[in-house]
Amino acid sequence: MTGHKINALLALHSEGRFLVGRERIKLLEKVAELGSIAKAAKATGFSYKTAWDSVNAVNNLLPTPAFLTRPGGRSGGGAEVTEEGRRLIATFHRLEEKLSLISNMIAEEGVQGQEEALLWTVGARISARNVFQAEVEQVRRWPVDVEVTLKIAEDKHILAVVTNEAADDLGLEPGRKVLALVKSPFIRLYAVEHAPEGGRNCFVGEVTERTDAERNSEVLIDIGQGKTLHAVAPRATVEDLDLKRGSKAAASFDASQVILAVN
3 MTGHKINALL ALHSEGRFLV GRERIKLLEK VAELGSIAKA AKATGFSYKT
53 AWDSVNAVNN LLPTPAFLTR PGGRSGGGAE VTEEGRRLIA TFHRLEEKLS
103 LISNMIAEEG VQGQEEALLW TVGARISARN VFQAEVEQVR RWPVDVEVTL
153 KIAEDKHILA VVTNEAADDL GLEPGRKVLA LVKSPFIRLY AVEHAPEGGR
203 NCFVGEVTER TDAERNSEVL IDIGQGKTLH AVAPRATVED LDLKRGSKAA
253 ASFDASQVIL AVN
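Residue numbers for the sequence shown, in the numbering used here: 3 to 265.
Honestly, I wouldn't trust all of these hints.
With a straight-line cut-off of 20 Å between C-alpha atoms, the simulated PhoX-like cross-links for lysine-lysine are [unchecked claim]: (1) Lys51 <-> Lys41; (2) Lys158 <-> Lys185; (3) Lys185 <-> Lys229; (4) Lys158 <-> Lys229; (5) Lys41 <-> Lys28; (6) Lys229 <-> Lys153; (7) Lys51 <-> Lys32; (8) Lys246 <-> Lys32; (9) Lys153 <-> Lys179; (10) Lys44 <-> Lys32.
With beta-carbon atoms standing in for the labels, derived distance ranges [as the list claims (entries may be wrong)]: (11) Val146 <-> Gly201: 16 to 26 Å; (12) Cys204 <-> Glu167: 20 to 30 Å; (13) His159 <-> Lys51: 42 to 52 Å; (14) Pro145 <-> Gly228: 34 to 44 Å.
Just so you know, the hints here were simulated from the structure itself, not pulled from any lab data. Even glycine gets a Cβ: it sits at the ideal position worked out from N, Cα and C.
Given only the sequences and the hints, what does the whole structure look like? Please build it.
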């Protein structure tokens, strides 16, 4: 099986009943994008009835509605996505991304030697939104702290700074597999032309999602090679930067704000 890709399908259930899978998520995304049940059904190849049934089923199984629907006359019905609906869509994609990483890891490398990473990916409950499986590439020790260079993708690296004591406790050395965590509020956003110089923990990517609340906004930035940064910033800052889906943005964080974890 080595060298082949595995297509892993994720399905979420609530109280034993099917909630969402990949096709239903696609439908719900189109409902959110187009604001119309009929248009979303046509765009995704669902029947009008199936589209309505899917939206209603999701609303019935969640504590608060994912979509506010209105029946429709000639327009065929409409829907307004709620914050709960956006969270459902975003959560599904995060879970599916992790499942895909696990599946490809198994296909390419087998399970042997990967048990620790798999258990962390599947089972850990972590408050940080930015969690990367990483490999220690370099450890530079100084009298007070230690600089750790971590590889998170073929040409993407994170710099972390920890104490000498922490480096010893975690057994940090080249080749060691770790989890690197960065909390969303620690991510700073910039216009690309104003990105910090030097390049350490600074990534340029494309905004794939933006969700606004009263004071803060959550911004998802695709930095390439399947990696996404989740940032939470003041809504006024995000609006000043005119960040929206498809626009370019720079994101950075301090090396001291990277948390390292091992099993």
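Hints breached by this structure
Violated: none.
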